[in-house]
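J.: The sequence shown maps to residues 1 to 201 in the working numbering.
I should point out that these hints are in silico values taken from the structure, not numbers from a laboratory. Watch out, some of these pointers could steer you wrong.
To be verified - Simulated DEER-style distance windows between Cβ atoms:
| hint | residue 1 | residue 2 | range |
| --- | --- | --- | --- |
| 1 | Glu10 | Ala64 | 28 to 34 Å |
| 2 | Ser66 | Pro195 | 36 to 42 Å |
| 3 | Ser66 | Glu147 | 35 to 41 Å |
| 4 | Pro103 | Leu146 | 18 to 24 Å |
A virtual CB, placed ideally from N, CA and C, is assigned to each residue, including glycine.
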Amino acid sequence: MTADNLHGTEPPSAWVQRWSHLVPARGAVLDVACGYGRHARWFYERNHPVALVDRAQAAIEFIANSLPAQGVEAVVADIEEGPWPFAGRQFDAVVVTNYLWRPLLPTLLASLAPGAVLIYETFTQGNETVGKPSRPDFLLRPGELLEVCRGLRVVAFEEGFEERSPRFVQRIAAVRETALSAGLSAPAAVAAEGPPRYRLA
């Protein structure tokens with residue numbers, strides 16, 4: 001079986017590609033519900049160590065066989081029913097696409113190290129009119145990611161309908177600012193540099 005006929009091996013999300021420059025250089029990236037690892041591969045090829053988790057054994061085995069072992073941590077886990085496999089750890093980026101499990105959202109935020117970025121993209125209400133997923137449990141409410149990221153610095157947010165491959169989507173890129181970048185107790189030398197500059201791609 002080749003990558004060409006495996007679900008989840010399509011090119012990385014354009015949203016993930018667009019905002020990947022916000023991840024600190026060589027920062028560790030966590031790819032949640034990773035499928036066959038399209039986003040982990042994107043970051044690995046750009047010199048980021050990556051951790052991936054999915055409940056599908058076949059997907060994780062494919063990743064293990066297609067990426068070098070060094071700098072890659074691929075974990076099989078049911079993150080909805082079982083324990084969080086990265087308890088107590090933080091990453092420089094957390095990436096989630098086409099996946100929503102609301103009870104996990106606080107854990108994902110807690111997995112962001114200071115200066116880390118959350119890049120999230122998934123389906124929103126309205127998608128039930130054009131296809132799947134259609135259950136409310138799997139569809140974000142209007143503006144929900146903005147609520148989830150209230151304690152973060154939101155760099156970019158989109159919500160709407162894509163006609164090319166009909167779907168309703170919501171997307172966010174948000175940074176957990178450090179105390180200095182947030183302007184808290186910053187030394188004069190740092191403050192003189194001005195606010196952090198999150199380059200808009």
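J.: Each hint needs a verdict: does it hold in this structure or not?
T.: How the hints compare with the structure:
Separation of glutamate 10 from alanine 64 is about 20 Å and departs from the stated range, judged on CB atoms against 28 to 34 Å. At about 41 Å, the CB distance of serine 66 to proline 195 agrees with the hint of 36 to 42 Å. For serine 66 and glutamate 147, the hinted distance range of 35 to 41 Å is satisfied, since their beta carbons lie about 37 Å from each other. At about 19 Å, the beta-carbon gap between proline 103 and leucine 146 stays in the expected band of 18 to 24 Å.
The structure fails hint 1 only (numbered hints given earlier).
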